[in-house]
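Visitor: Use the sequences and the hints to build the structure in full.
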Amino acid sequence: MQQASLITRVEERASDWARMPPLRQRAVLLALVPRMDIGSDQVIIHLRSGRLAAFLKDRLVAPNLDQAADEPTLPLCHPLRLRSLSECPQTPGKWCFLCRTP
329 MQQASLITRV EERASDWARM PPLRQRAVLL ALVPRMDIGS DQVIIHLRSG
379 RLAAFLKDRL VAPNLDQAAD EPTLPLCHPL RLRSLSECPQ TPGKWCFLCR
429 TP
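Residues 329 to 430 in the numbering used here are what the sequence shown lists, from first letter to last.
Keep in mind the hints are simulated off the structure, nothing from the lab.
Just so we're clear, the structure is a prediction, and the values are computed from it rather than from any experiment.
It is possible that some hints are incorrect.
Said to hold, decoys possible - Distance ranges between label pairs, derived from CB positions:
#: 1; residue 1: P400; residue 2: S368; range: 24 to 30 angstroms
#: 2; residue 1: V389; residue 2: D369; range: 35 to 41 angstroms
#: 3; residue 1: A346; residue 2: E399; range: 16 to 22 angstroms
#: 4; residue 1: R341; residue 2: H406; range: 30 to 36 angstroms
Yeah, the Cβ is synthetic: ideal placement off N, Cα and C, and Gly gets one too.
Guide: Written out as structure tokens, the structure is:
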């Protein structure tokens with residue numbers, strides 16, 4: 329895909345996401361994300377880049393679990409800062425993964 333058409337396709341998929349049935353969203357996430365690592369200072373989402381390309385081209389199919397383990401993944405890292413939920417008015421006294429490092 330060329331860069332401009334890829335960006336257009338990502339925008340289309342993003343706008344479709346909210347209208348997608350929850351079971352379809354779950355199937356897509358299970359196909360794209362084999363693992364997430366959550367640490368005290370970052371979250372790493374391991375993304376199957378080949379399946380992301382297939383999703384953007386409307387060619388995503390149910391994963392074959394035997395082949396899925398062999399697929400390369402792209403780790404996407406994002407820093408975070410844990411804080412006590414006592415600082416958060418929604419659920420005091422527990423730990424929060426919701427806040428991002430500024």
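Visitor: May I ask which of the numbered hints given earlier this structure violates, with the numbers listed in increasing order?
Guide: 3, 4
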